[in-house]
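Chemist: What follows is each chain in one-letter form.
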Amino acid sequence: DGGITQSPKYLFRKEGQNVTLSCEQNLNHDAMYWYRQDPGQGLRLIYYSQIVNDFQKGDIAEGYSVSREKKESFPLTVTSAQKNPTAFYLCASSAGTGREQYFGPGTRLTVT
Amino acid sequence: AQSVTQPDIHITVSEGASLELRCNYSYGATPYLFWYVQSPGQGLQLLLKYFSGDTLVQGIKGFEAEFKRSQSSFNLRKPSVHWSDAAEYFCAAQKGNGQNFVFGPGTRLSVLP
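Protein chains in written order, with the working numbering: chain H, 1 to 112; chain D, 1 to 113.
Since the hints were made in silico from the structure, they are not lab data. Everything hinted at is true.
Here are the simulated lysine-lysine pairs, DSBU-like style, with alpha carbons at most 30 Å apart:
no.	chain 1	residue 1	chain 2	residue 2
1	H	K83	H	K57
2	H	K9	H	K83
3	H	K57	D	K95
4	H	K9	D	K61
5	H	K9	H	K70
6	D	K49	D	K95
7	H	K70	D	K95
8	D	K49	H	K57
9	H	K71	D	K49
10	H	K57	H	K14
11	H	K9	D	K49
12	H	K83	H	K14
13	D	K95	D	K61
14	H	K57	H	K9
15	D	K95	H	K71
16	H	K70	D	K49
Label pairs and their calculated CB-CB ranges:
no.	chain 1	residue 1	chain 2	residue 2	range
17	D	S3	H	L27	25 to 33 Å
18	H	G63	D	P79	41 to 49 Å
19	H	G16	D	G53	50 to 58 Å
Stretches of chain H that chain D covers, calculated by requiring three or more beta carbons in the stretch to come under 8 Å of a beta carbon on chain D:
no.	stretch
20	41 to 47
21	91 to 105
Since the model is a prediction, treat every value here as computed from it, not as a measurement. C-beta: ideal position from N, C-alpha, C; glycine also.
Put together the whole structure using the sequences plus the hints.
Modeler: See below:
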């Protein structure tokens, strides 16, 4: 089955700790994206990558970091510098620009 | 600035009734347009997309959307709503020249039995 997997589904961390969210796709898509979703709000773009070993900041990149060492993987690290990290994080991929994005099931991160 | 608006934050309809969710975009030229659905705690699922051509687009789960250039709108419709359609619906647009998606704020749909 082709798709996008995100793990874990739920993640709990103490304040001050870095945490890495996993995103893997087997759709052979070039582009991958990370979004943040807060209750009652739409999606805000954190980072995106259009090709391996290259990525760009989105609208709310502060306090986050990413890597794209493999085509199928695009992990997101939420650092201790992120002031309000508790949120629902969604990973997506697409075959390229101008193409529809496909989403993973999301990871709910709670930081206390 | 490019934007996507969904004027209705929350809509409630009775099961079996028809549905229309509104979406307006503000772009210099017609963007690519999409509708997604999200069930609570889940990812987004693509319902349908419009790139060009026929302005009435058919999607999955019995949904359709109509593109109206004169109104900068891409409204989502369903003739008869089922209880399982209760979810959050997002309209999105993309310029298609390498720019990223812009999502609307979403419309939450409740379905009364």
